[in-house]
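Undergrad: Listed below are the residues making up each chain.
Number of protein chains: 2
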Amino acid sequence: MNIVALAGGVGGAKLAHGLAQSLEPEELTIIVNTGDDFEHMGLYICPDLDTVCYTLAGLANPETGWGRAGETWNFMENLEKLGGASWFRLGDKDMATHLERTRRLKEGESLSQITEDFCAAWGIKHKVLPMSDLPVRTMVNTDEGELAFQEYFVHRRCEPRVKGFRFDGVYAAGPASGAKEALDLADAVIICPSNPWVSIDPILRVVKEINKPVVAISPIIGGTAVKGPAAKMYAEMGIEPSALAVASHYRNIASGFVLDNMDRELDAGIKNIIMKTLVTDTLMKTAEDRVRLAKDVLHFIGSL
Amino acid sequence: MNIVALAGGVGGAKLAHGLAQSLEPEELTIIVNTGDDFEHMGLYICPDLDTVCYTLAGLANPETGWGRAGETWNFMENLEKLGGASWFRLGDKDMATHLERTRRLKEGESLSQITEDFCAAWGIKHKVLPMSDLPVRTMVNTDEGELAFQEYFVHRRCEPRVKGFRFDGVYAAGPASGAKEALDLADAVIICPSNPWVSIDPILRVVKEINKPVVAISPIIGGTAVKGPAAKMYAEMGIEPSALAVASHYRNIASGFVLDNMDRELDAGIKNIIMKTLVTDTLMKTAEDRVRLAKDVLHFIGSL
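Just so you know, the protein sequences line up as chains P and E, in that order. For the first sequence, this note's numbering begins at 1 and goes up steadily by one. For the second sequence, this note's numbering begins at 1 and goes up steadily by one.
With the rest of the complex left out, here is chain P (with noise of 0.2 Å):
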């Protein structure tokens, strides 16, 4: 089987990870969202797609999902102590990423090659994907105005209220190189559990066309997300946040649909919506979860 997974942070990245464990290199190609990619202090710094790498080698830190496992905080430390910004935390170990990736990228190379070549160092077999080569920039447009996205969401911790998004810099932007190959060989791409108005909407929007069966995964469990703004998100944009929610953001692209067993009182609302669906556990608690809800959602995939 041939899977395309599209990833945004935490959630994708687990999900990415028990893919990962379940198909062959060949068999996976995983194009991460850049929208919330942003300069800080001179440093280009994706944080998506640092989080479905540090996860795929098993570098992440376990407690956040997020940054390094093992991390030190002595830089962060020192620049607090000179006056520099301390609001978006960068780890010692992370700092080499940030420093190096834009070294290279400064000298022309593009992200997709410096991510094959991280890939590679860090023991990465499954091929990881910025979604373009080009910056795409998601701007969030509250109530205070428009903000870049980590401005929104790390530096002001997601507190504006949400009117909606613009992705700025998407019409000149393809998908980066290899993407688009890697999606014309899929037999079927994977929505991970990601917000679907930061995360997955982007890639979406530089993809363009999917032309693939596309099974996605509720990110909502319960009326909450498991992580991150996209409970809140729907909820400042009118739409009742839920796996049903959801389901209907996707109900043009995706054919088939896996919601959490706490919500199957939504599944016969879902069919309505999305032909297919899944219900099964989709909380990723352990690395075992990781593996048991790609396997089960790769069975459904074959199922279609």
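It should be emphasised that the hints constitute simulated quantities derived from the structure, not laboratory data. Where hints are given, some of them may not hold.
What the hints assert, rightly or not - Restricting the straight-line Cα-Cα distance to at most 27 Å, the calculated cross-link-like pairs of lysine-lysine (DSSO-like) are: (1) P:Lys106 x E:Lys106; (2) P:Lys180 x P:Lys125; (3) E:Lys125 x E:Lys180; (4) E:Lys212 x E:Lys295; (5) P:Lys106 x E:Lys81; (6) P:Lys125 x E:Lys81; (7) P:Lys106 x P:Lys180; (8) P:Lys106 x P:Lys127; (9) P:Lys295 x P:Lys180; (10) P:Lys81 x E:Lys125; (11) E:Lys212 x E:Lys276; (12) P:Lys127 x E:Lys81; (13) P:Lys81 x E:Lys106; (14) E:Lys127 x P:Lys81.
The hints should help you fit chain E onto chain P, whose structure is shown.
TA: Same frame as chain P, now just chain E:
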């Protein structure tokens, strides 16, 4: 007594530290070589300025004389795993200095303003100035061609044979904001025991005129440099490395010279070049040595 000290790296920093413990903040300005500043991985790095500041702040690594005490190397380890440049060691704590300075320089702030703020953050009460706010780059002419200073010094470990030096940018660069004023107010100028060729000469070239009594301390004791390539440089340029060679180096500018007890047989010869000399213990092994030498030098200046 109002003193301006000219300093390079480790040796200069040690005497500057001794002077700072012997003079009130308003009595001492330290002007530091920036000729070995360089850009590396997008960071603007000022090795001598950082060594002087870390030393004055009590943050310096006591083993090496440069870098930070209790430094960690998680950035460096991870950079090496990614195949990044490893010849210039960047510690995790030290990184905060480079990244924040680079960020502020890119926003158009001057190196002297940034240095002033960093000194305040580090609790340094005496004034520390870069020699210039404009770039001056020490270039080393060697038997393998011209090399940028850090390329010669760190990357090539001073292996190529030195034929001469060039200070790129020196004609356009003026003294940093405050340097001229400090020199105008000074009763005397102390040339710290730093490398005459690559630490002090760049400062003298930028400052141009010093119409004050100048006292120099030999960085060469018993024919060898306490630290660094000064003796090697003299030898490769056909000059026997000695306190006498250093005195000759400063013959047109210094009116007082401090040499080590070990070199007392050179005293008569040095007196022929520079009128007044002080023979004393100049090797600074301990914190007390720094203060003792500083007090000796200040007393010597008082006697001139």
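Undergrad: Keeping to a limit of 27 Å between CA atoms, is the pair of lysine 125 of chain E and lysine 180 of chain E held or broken?
TA: Answer holds: lysine 125 of chain E to lysine 180 of chain E is near 19 Å, not above 27 Å.
Undergrad: If you draw a straight line from the CA of lysine 106 of chain P to the CA of lysine 127 of chain P, is it 27 Å or shorter?
TA: Between lysine 106 of chain P and lysine 127 of chain P the Cα gap is close to 23 Å, so the pair holds against 27 Å.
Undergrad: Straight-line Cα separation of lysine 295 of chain P and lysine 180 of chain P no greater than 27 Å?
TA: holds (25 Å)
Undergrad: Taking 27 Å as the top limit, are the C-alpha atoms of lysine 212 of chain E and lysine 276 of chain E close enough?
TA: holds (15 Å)
Undergrad: Between lysine 127 of chain E and lysine 81 of chain P, is the straight-line Cα distance small enough, at 27 Å or below?
TA: holds (19 Å)
Undergrad: So if I understand the rule, the pair passes when the alpha-carbon distance is 27 Å or less; does lysine 125 of chain P with lysine 81 of chain E pass?
TA: OK: lysine 125 of chain P and lysine 81 of chain E at ~16 Å, within 27 Å.
Undergrad: Does the alpha-carbon distance linking lysine 106 of chain P and lysine 180 of chain P stay inside the 27 Å limit?
TA: Answer holds: lysine 106 of chain P to lysine 180 of chain P is near 25 Å, not above 27 Å.
Undergrad: Hey, lysine 180 of chain P versus lysine 125 of chain P, does the alpha-carbon distance stay inside 27 Å?
TA: Measuring from Cα to Cα gives roughly 19 Å; hence the hint holds.
Undergrad: Checking one constraint from the list: CA of lysine 81 of chain P to CA of lysine 106 of chain E, max 27 Å. Satisfied?
TA: At roughly 20 Å apart (the allowed maximum being 27 Å), lysine 106 of chain E and lysine 81 of chain P satisfy the hint.
Undergrad: Does lysine 295 of chain E lie within 27 Å of lysine 212 of chain E when you go C-alpha to C-alpha?
TA: Given that 27 Å is the threshold and the Cα spacing comes to 19 Å, the pair holds.
Undergrad: Do the alpha carbons of lysine 106 of chain P and lysine 81 of chain E lie within 27 Å of each other, as the hint requires?
TA: holds (20 Å)
Undergrad: For the pair supplied as a hint, lysine 127 of chain P and lysine 81 of chain E, confirm whether the alpha-carbon distance does not exceed 27 Å.
TA: Satisfied, since the Cα-Cα distance of roughly 19 Å is no more than 27 Å.
Checked against the numbered hints above, the structure breaks none of them.
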